[in-house]
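Student: Residue-level listing of the chains:
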Amino acid sequence: MQRIGVFVCWCGSNIAATVDVKQVAETLKSEPGVVFAADYQYMCSEAGQNLIKDAIRDHKLTGVVICSCSPRMHEATFRKTAAAAGLNPYMVEIANIREQCSWIHKDKAVATEKAIILGRAAIAKVHLNAPLTPGESPVTKRALVIGGGIAGIQTALDIAEAGFPVDIVEKQPTIGGKMAQLDKTFPTLDCAACILTPKMVDAAQHENIHIYAYSEVEEVKGFVGNFSVTIRKKARMVDPVKCTGCGLCTEKCPMKKVPNEFNLGMNNRSAIYIPFAQAVPKVATIDPAYCIKMKTGKCGLCSTVCEAGAIDYTQQDELVEEQYGAIVVATGYNPIKLDQFDEFAYAQSPDVITSLEFERLTNAAGPTAGTLLRPSDGKHPHTIVFVQCVGSRCDGGKGKSYCSKICCMYTAKHAMLTREKYPDTDVYVFYIDVRTPGKNFDEFYRRAVEEYGVHYIKGMVGKVAPQADGTLLVQGSDLIENRQLRLNADLVVLAAAIEPDASARPLATKLTASMDTNDFFTEAHPKLRPVESPTAGIFLSGACQGPKDIPETVSQASAAAAKVIGLLVKDKLKGNPCVAHSNEMMCNGCSSCEKVCPYGAITYVDKEFRMPDRTTAIRRVASVNPAVCQGCGACTVACPSGAMDLNGFSNSQIMAEVDAICK
Amino acid sequence: MSDTKRLKEQILAISGVNPRKCMKCGKCSGACPAYDEMEYHPHQFVAMVEDGRIDQLLASDSLWMCLSCFACVERCPRQVEPAHLIEGVRLALIRQQNQNHLHAEDIPPKLNDALPQQAIVSAYRKYSK
Amino acid sequence: MQVNEKEFKPLIVAFCCNWCSYAGADLSGTNRLNYPANVKIIRVPCSCRVNPMFVLRAFQRGADGVILCGCHPGDCHYTTGNYYTRRRMTLLFSMLDYLGIERDRTRVEWVSAAEGAKFAATMNDFVATVTRLGENKRLEDLRCKKQ
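Residue numbers (the numbering used here), protein chains in the order written: chain A, 1 to 663; chain B, 1 to 129; chain C, 1 to 147.
Hints are not guaranteed to be accurate.
Stated by the list, open to error - Pairs of lysine to any residue residues, derived as SDA-like cross-links and limited to a Cα-Cα distance of at most 25 angstroms, are as follows:
(1) B:Lys24 to A:Arg486
(2) A:Lys463 to B:Ser68
(3) B:Lys21 to C:Arg103
(4) A:Lys458 to B:Asp3
(5) B:Lys24 to A:Ala345
(6) A:Lys663 to C:Arg132
(7) A:Lys257 to A:Pro375
(8) B:Lys21 to B:Asp3
(9) A:Lys463 to B:Ala47
(10) A:Lys257 to A:Met294
(11) A:Lys458 to B:Lys24
(12) A:Lys663 to C:Arg103
(13) A:Lys421 to A:Lys463
(14) A:Lys199 to A:Gly648
(15) A:Lys510 to C:Pro73
(16) A:Lys663 to C:Asp141
(17) A:Lys221 to C:Pro73
(18) A:Lys405 to A:Glu318
(19) A:Lys252 to A:Pro288
(20) C:Lys118 to A:Pro530
(21) A:Lys221 to C:Lys118
(22) A:Lys141 to A:Asp107
(23) A:Lys563 to C:Ala114
(24) A:Lys595 to C:Ala114
(25) A:Lys400 to B:Asp3
(26) A:Lys398 to C:Ala121
(27) A:Lys221 to A:Gln205
(28) A:Lys141 to A:Lys510
(29) C:Lys118 to C:Leu139
Just so you know, these hints were derived from the structure itself, not from any lab.
Produce the complete structure using the sequences and hints provided.
Tutor: Here you go:
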């Protein structure tokens, strides 16, 4: 019989206000096996933990039940407490009476009764707990960063600086991401290229960083500390070692009518291309969808002009397998497609553009060499209307229900820069709310209004209609003036909502990392563990976790790097002891468990057994590799003979919980 | 329950609109083609029903200026659907006056070639139910 | 037979996987979204850890409804666990139906860690459905019956 101690936490008033903690402790004290019961204001505080430690020693407890917040919150804390008092940490069970009781019920009697039942279930489980010792696994001291935008670059640089090798996988031919496309950055108006390109070069030249550009993650196996990742290096048709990035091939290429994705299709590039002048690695890439040689077999001009002899039309995708201890996701974002928003005439008029397109139109390296010109006729626009929240805060499935966070600030930036460069333009911004939380952000927005005379109008645009004279009729309401406005604009800029990159969802599946309904990666805890995925060894950097501006992205990138470094400096990782194990006497060798195991942790071995008649027989039995097993329990249910069971969540333990709840 | 509150409940039940979803962006009023004809504009309808200032709405001509073009329904980012709410207010008023309602079979004899289709639909929506 | 004059409050056993649904349940608590207290949650590492025996045991011991919650298909922390759950429970539930335990008393739902609201809504709906069905009398072990 176990000697169990029950500790009921008040959590200040979080639990105590709706659960009669004294009554819970009192009632549970009379449960079989319970030799000690106490309640305390904050069990997780030092005093509370000392209470537990003292009780373990004084009452010779063999099991501990803590009625408190979710085990996802403090299970690890209380396990450490038990270990400090000399009790096996896996003899601790948590009854979740906060998140799953006091916070969801209002009636004190009902909540108290439920808390007692949850406590009983935990006691019933502890009765069947057995001490467990985690195994150890080695750590591969190398990190993988998926995505080579500012988030990925910053994370990689920080990890590399700490002395660990890092690989960056980037699906585009160059690293740089969205930031490379931007012109200026708020609120300081630094030029994006001036602060980004040195970092790109640093990453390329760092001895600890290897960049897999134009590559994608194909498959991920393994677990924290021991990931094995297959990377697909897509065929560039150019040898990246030989290519000098001179760009002669891109000039001579006869196929020049390929929409330039770097400029969002606002001008054309050649079929063999280098995305932009500061690309890293500066290596040409052949676009097989447009290359005449690839399509018809005739041409080969780039190969003729290439002095380095780097062109190789026979190049194939290459798969490489690498080992990593940690993986950082930095897949970033994209503006949403605007086909659902006909009212803004985005598809009808070339003069209705997105903010990212505007960014290219004002960028010195953009299609207009930095002069703001209307895409339709190349003339200077005199009235520009910015529309905020296009697709953001929109809950009907057309757009995104969340606030995209960066649009208020970049719109203020665009409006300000336009007024500064072209004082003869009238700039209107239609907004729902101007949200400027951030250092020097509100001051920035006020400057746009006060010093640059940008007209901010509270109200949403209802309609944009192209007119016969080439202007755009913008109809919107001014909620403060209580009137409807009709403006003839030359250019309309839509602040499109941002969404996670399309590659994020399949990647999450490969990583078994969880996502929210918007395809943003979920963090392990929204406040306390914001840069870690709930899946151990997977870390989150930048906008893949939620909309973020550059300062926030960089801070999160460095935070993720710190977490990775913290993991990689360890020589051994303590594993999860809650793994499956097979009772060899009951195993009938059917292989059912082997087939359902997603990790290949189960193998079959031939073993000698002594039979009742004193003969020996060789039987085929299942054997679980505890270092590989992740403890999902699929095998325990598949096993027809009941030989397979899971430590910490055994059949008898769960049955006992069911019984306690249904008593 | 006060009369105003009951009337509000009735309007919300008829229209199926939840005015609390409104984030006061004004896109409905930005889209409304009848804006200039109205004393109270679509976004104000939503706010006034939520605030219980329904008598003002009932007394106003704005109620009948809505064309039922449903631009606001189509474009509302929060799915508040002001046109449905306006229709709900109309119906609440008609019910208060104990007027006879229009039936589908009554329409063909009343049709006139000069009448725009939109007006027929709108009128049917006004007077049916 | 004694007529229970008290309002019928069904006993619901909910199995929640540690990675998605248990976190979703926590989130509904954090957001103070109410659902009835008759739902009692048992934490399992993965929905595929739920042995059909556990479901049968719950009904045997007097549960009126059993619900399993797991990660959305494709999002399982263990890659494929919830697919096993889906298949196993489809079979089990049709067998239970045959035995007279109505389909509506058993359910599998996918609730992610971010779907606190969905968890609360699912539980409210499930409790309402089971309440309509009334007390479960099939499979029940009369020896466990409260007098």
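Student: For each hint, tell me whether it holds in the structure or not.
Tutor: So, going through the hints one by one against the coordinates:
A hinted pair counts as satisfied when its Cα atoms are at most 25 angstroms apart, and Lys24 (chain B) with Arg486 (chain A) qualifies at roughly 19 angstroms. For the given pair, Lys463 (chain A) sits about 17 angstroms from Ser68 (chain B) by alpha-carbon distance, which is consistent with the 25 angstroms threshold. Annotation: proposed proximity of Lys21 (chain B) to Arg103 (chain C) is violated, straight-line Cα distance about 36 angstroms (limit 25 angstroms). Taking the CA atoms of Lys458 (chain A) and Asp3 (chain B), the gap is near 34 angstroms; set against the 25 angstroms cutoff, the hint is violated.
Annotation: proposed proximity of Lys24 (chain B) to Ala345 (chain A) holds, straight-line Cα distance about 23 angstroms (limit 25 angstroms). Taken as a hint, the Lys663 (chain A) and Arg132 (chain C) pair is honoured in the structure, with Cα atoms around 22 angstroms apart against an allowance of 25 angstroms. For the suggested pair Lys257 (chain A) and Pro375 (chain A), the alpha carbons sit about 17 angstroms apart, so the restraint of at most 25 angstroms is met. Of the pairs offered as hints, the one joining Lys21 (chain B) and Asp3 (chain B) holds, with about 23 angstroms between alpha carbons and a cut-off of 25 angstroms not exceeded.
For the proposed pair Lys463 (chain A) and Ala47 (chain B), the alpha carbon gap of about 22 angstroms is at most 25 angstroms, so the pair holds. The straight-line distance between the Cα atoms of Lys257 (chain A) and Met294 (chain A) is roughly 16 angstroms, inside the 25 angstroms bound, and the hint therefore holds. Under the criterion of a C-alpha separation no larger than 25 angstroms, the hint pairing Lys458 (chain A) with Lys24 (chain B) is consistent with the structure, at around 10 angstroms. The straight-line distance between the Cα atoms of Lys663 (chain A) and Arg103 (chain C) is roughly 24 angstroms, inside the 25 angstroms bound, and the hint therefore holds.
Our distance criterion of 25 angstroms between C-alpha atoms is broken by Lys421 (chain A) and Lys463 (chain A), whose separation comes to about 28 angstroms. Distance restraint check for Lys199 (chain A) and Gly648 (chain A): the Cα-Cα separation of roughly 47 angstroms exceeds the 25 angstroms cut-off, and the hinted pair is therefore not satisfied. Straight-line distance between C-alpha atoms of Lys510 (chain A) and Pro73 (chain C) comes to about 13 angstroms, which keeps the hinted pair within the 25 angstroms bound. Proximity of Lys663 (chain A) to Asp141 (chain C) is assessed by CA-CA distance (about 12 angstroms); at most 25 angstroms being required, the pair is judged to hold.
Our distance criterion of 25 angstroms between C-alpha atoms is met by Lys221 (chain A) and Pro73 (chain C), whose separation comes to about 19 angstroms. Using a Cα cut-off of 25 angstroms, the hinted pair Lys405 (chain A) and Glu318 (chain A) is violated, with the two alpha carbons roughly 39 angstroms apart. Proposed proximity of Lys252 (chain A) and Pro288 (chain A) is supported: the alpha carbons are some 17 angstroms apart, at most 25 angstroms. For a cut-off of 25 angstroms, the pair hint linking Lys118 (chain C) to Pro530 (chain A) stands: about 22 angstroms separates their Cα positions.
Distance check on the hinted pair: Lys221 (chain A) and Lys118 (chain C) sit about 31 angstroms apart at the alpha-carbon level, beyond 25 angstroms; violated. In summary, the hint linking Lys141 (chain A) to Asp107 (chain A) is not supported, as the alpha carbons are separated by about 53 angstroms, beyond the 25 angstroms threshold. Simply put, Lys563 (chain A) and Ala114 (chain C) have alpha-carbon atoms about 23 angstroms apart, close enough for the 25 angstroms limit, and the pair holds. Taking the CA atoms of Lys595 (chain A) and Ala114 (chain C), the gap is near 31 angstroms; set against the 25 angstroms cutoff, the hint is violated.
Of the pairs offered as hints, the one joining Lys400 (chain A) and Asp3 (chain B) is violated, with about 38 angstroms between alpha carbons and a cut-off of 25 angstroms exceeded. Restraint check for Lys398 (chain A) and Ala121 (chain C): satisfied, since their Cα atoms lie roughly 23 angstroms apart, inside the 25 angstroms limit. The straight-line distance between the Cα atoms of Lys221 (chain A) and Gln205 (chain A) is roughly 29 angstroms, outside the 25 angstroms bound, and the hint therefore fails. Between the alpha carbons of Lys141 (chain A) and Lys510 (chain A) the distance comes to roughly 21 angstroms, so the proposed pair stays at or under 25 angstroms and holds.
At most 25 angstroms may separate the alpha-carbon atoms for a hinted pair to count; Lys118 (chain C) and Leu139 (chain C) exceed this at roughly 30 angstroms.
Checked against the numbered hints listed earlier, the structure breaks hints 3, 4, 13, 14, 18, 21, 22, 24, 25, 27, 29; every other hint is satisfied.
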